[in-house]
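Peer 1: Chains F and X supply the protein sequences, listed in that same order. The letter at position 144 of the first sequence is residue 144 when you use UniProt numbering, and the numbering goes up by one with no holes. The letter at position 465 of the second sequence is residue 465 when you use UniProt numbering, and the numbering goes up by one with no holes.
If you're looking for bench data, these hints aren't it; they were derived computationally from the structure. Some hints could be false.
Think about it this way: if two alpha-carbon atoms lie no more than 25 Å apart in a straight line, the pair counts; the simulated DSS-like pairs of lysine-lysine are [claimed, not checked]: (1) Lys-34(X) <-> Lys-227(X); (2) Lys-237(F) <-> Lys-56(X); (3) Lys-237(F) <-> Lys-121(X); (4) Lys-63(X) <-> Lys-206(F); (5) Lys-481(X) <-> Lys-178(X); (6) Lys-481(X) <-> Lys-206(F); (7) Lys-206(F) <-> Lys-186(X); (8) Lys-178(X) <-> Lys-206(F); (9) Lys-237(F) <-> Lys-227(X).
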Amino acid sequence: MTSMVFAILFYLATLLFVVGLLYRINSYARTPAPLKIPTTPAPTTNGGVVLRMTREVVFFESLFKANLWTWAAGWLFHASLLLVLLRHLRYFTEPVWGWVAFIQPFGMYAGITMLLGLGGLWLRRLFVERIRYISTPSDHLMLLLLMGIAASGLSMKFLAHTDVIAVKEFFLGLMHLNIQALPADLLLIVHLSLVVSLLVVFPFSKLLHAPGVFFSPTRNQKDDPREHRHLSTWAAKLESEKS
Amino acid sequence: MADITAPAYRTIPIIPALKPGSMEGKGPFVASDKLNEALGFPGQLVEDWHDRAIAKMGDLLSKYRSLKVFMDACVHCGACSDKCHYFIGTQDPKNMPVARQDLLRSVYRRYFTLPGKLFPKLVGARDLTREVLDEWYNYFNQCSECRRCSVFCPYGIDTAEITMAAREILDTVGYGQKYSNEIIGKVHKIGNNLGLPGPALRDTLEGLEEDVKDATGIDVRFPMDVKGAEVLLVTPSADFFAEPHIDSLIGYAKVFHATGTSWTLSSMSSEAGNFGMFIGNYDQLRTIAMRIRQAALELGVKRIVVGECGHAWRVAYSFWNTLTGVGDGADPNDRFAQMLQKQLDHRYKQPAHICEFTWDMIQDERLTFDKTANDKYIITFHDSCNVARGSRMGDLPGGQFEIPRNIIKAVANNFVEMAPNTTREQTFCCGGGGGLLTDDLLDLRVKGALPRMEVLQQTVDEHGVNFMATICAICKAQFTKVMPIYGFDRKMVGGVHQLVSNAIQLGQK
Ligand code: SF4
Ligand code: SF4
């Protein structure tokens, strides 16, 4: 029964996640950027823009300039999350890819550092006056959700082991439309429910910062307005009307 | 304005504590029916303002990717929260860039997102009420669109874009700001922001020729409407008579004279400033910019050079090519732009900043200077926000920082920098930009100048600085007004070309 419920939940959540995200990305991509507004000094070549964006996405360059504490906690969380996600590939691949096996041990500790990073961000949200002022209930809930995912995941590793072989069979089965039994394990149920919730809220929430950053005109535009005429479709129409 | 005093300097520039509500109020003077209608906006707040405002927001969301992405992407990390000079000076939490954005974002969430429709409280979504509209008017007129916050945001969220959108919505429902709309009206009617008619302008220029002749013995010309001149100079109209602006105008004229460049001003487009940007209205932005295209075509000039004006240079550098075709690289089938671009001389950047022009001439050794003429000054340089974060000079990123400094060092002996986290792309706005340079906002202007004044005081104490050069008409006007309130001499501020003017040797080469 639980297996069936979770199978359906995962299919629906994944569908919502993928469709929702594609819809958003499509709407960002289709909205014109009529004016050149890179925050200067900005790169003047495409290669330069790729570098700028890479520094932004990999190292959080602007955040680093802004606030070391937020940067440290935020970067620790995101880097750990990446490792943790990669580590989880082992539940979806058979045989497990070599490099996924290689990062297994790091991925485990990353769960802990992820929790630390999130905790740091939450402490700032709770105790720094300015940040408490701008926080909405959903900002707190989002952190709690992620902390819940990390904590429940870690407990299965360190407190009450779950039958990972069965979990893997469930997910491999899921990928082949062949529903397998899921261990009826409370921590696992909590962990998976929270993950499903995350997938569902993603396309409707501030988590859109992940695709959004790539579409930010102040960061992704080349600084070459004098060399090339930049014209959006709706702005071009104004010209055909008058001279 | 006796009741307006400067806030105390912070001994260490720590992040200020919040003082909620400290800048609550009615905001600057509201534009009259006449002013609004002249620009095609409703004269007064319309009956159905609520629906019209939401419709406009939807329209802008479909036209501007910046607005659309910025509305969604903010994670409330707070990285920008202490970066705004108005927040630092006023301590009003609604002047934190993210909180300012949230004034609009909360309404966006309510009307344009599913969670905001279902659970408004949870995600901080609000109905658009009259209180919210008034709050927009007040706080979106406390942002100078200086983009400092965008430097620090991990997603590059630029509050200036959001302020522009908010002001555009306000204008659409008939709730415009007097100062900006009045100025735009003057540009359309008379040709410049200060409402200086052609004949008066001609008189002023003749007077200047006499003054310079008296001072130097040399016939330096200030030509107007000269067909076939090589250079069309477009400069902020404050340069024609305001102090210290006029000294920079004299500097440009001397540079043209000394290098034998034929140049002209245009009575039709005697204004580089473009307040269309400040109110976020694309049509106004474009219509005002079109005057320069028209003047360039009529006069048949080969180059267009822009004087010392911060937001004008952003508009010229970043937007003119898009709006009017002043630039290079238009598609061969783009007849509108080609018409002008064929006329322009593309060995030079189009448009060029006067600092680029002068610096090129210095490098070509076509100018000589007596640096000792500026020895009475210990000089520092204030980067103007729109130049620093919305434009460039020269070929390399950051040329907008190097070139004006290079010129100062070429014409003067004593130059010192202000604290590094307050210069270049991290510079603080003077406190008067973005359509806020009006006396009904003087209290805000004084408070917004605080971070710059603190750092200036530091260079005065440590290095005896007695001159702060800048290349923006608004900075110059704002500082001459505000600096005495902080106990500085108003003559401490001036243009880069004022220093050029002091040191340039005429008639040598
Ligand atoms: S653009 Fe400038 S004035 Fe406006 S919120 Fe950002 S820092 Fe403040
Ligand atoms: S820095 Fe950017 S993401 Fe962070 S609170 Fe400010 S606007 Fe939002």
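Peer 1: Check whether the Cα positions of Lys-237(F) and Lys-227(X) lie no farther apart than 25 Å.
Peer 2: Given pair Lys-237(F), Lys-227(X) is violated - Cα atoms ~31 Å apart, limit 25 Å.
Peer 1: Does Lys-178(X) lie within 25 Å of Lys-481(X) when you go C-alpha to C-alpha?
Peer 2: holds (20 Å)
Peer 1: Checking one constraint from the list: CA of Lys-237(F) to CA of Lys-56(X), max 25 Å. Satisfied?
Peer 2: The hint holds at about 19 Å.
Peer 1: Is it true that the CA of Lys-237(F) sits at most 25 Å from the CA of Lys-121(X)?
Peer 2: Roughly 41 Å between the alpha carbons, so the hint for Lys-237(F) and Lys-121(X) is violated.
Peer 1: Are the Cα atoms of Lys-206(F) and Lys-186(X) separated by 25 Å or less?
Peer 2: Violated: Lys-206(F) and Lys-186(X) sit about 43 Å apart, past 25 Å.
Peer 1: Given the proposed pairing of Lys-63(X) with Lys-206(F), does the C-alpha separation stay at or below 25 Å?
Peer 2: holds (21 Å)
Peer 1: Is the hinted pair Lys-178(X) and Lys-206(F) satisfied, with a Cα-Cα distance of at most 25 Å?
Peer 2: violated (36 Å)
Peer 1: Check whether the Cα positions of Lys-34(X) and Lys-227(X) lie no farther apart than 25 Å.
Peer 2: violated (36 Å)
Peer 1: Taking only the CA atoms, is the gap from Lys-481(X) to Lys-206(F) under or equal to 25 Å?
Peer 2: violated (42 Å)
Violation of the numbered hints given earlier is confined to hints 1, 3, 6, 7, 8 and 9; the remaining hints are satisfied by the structure.
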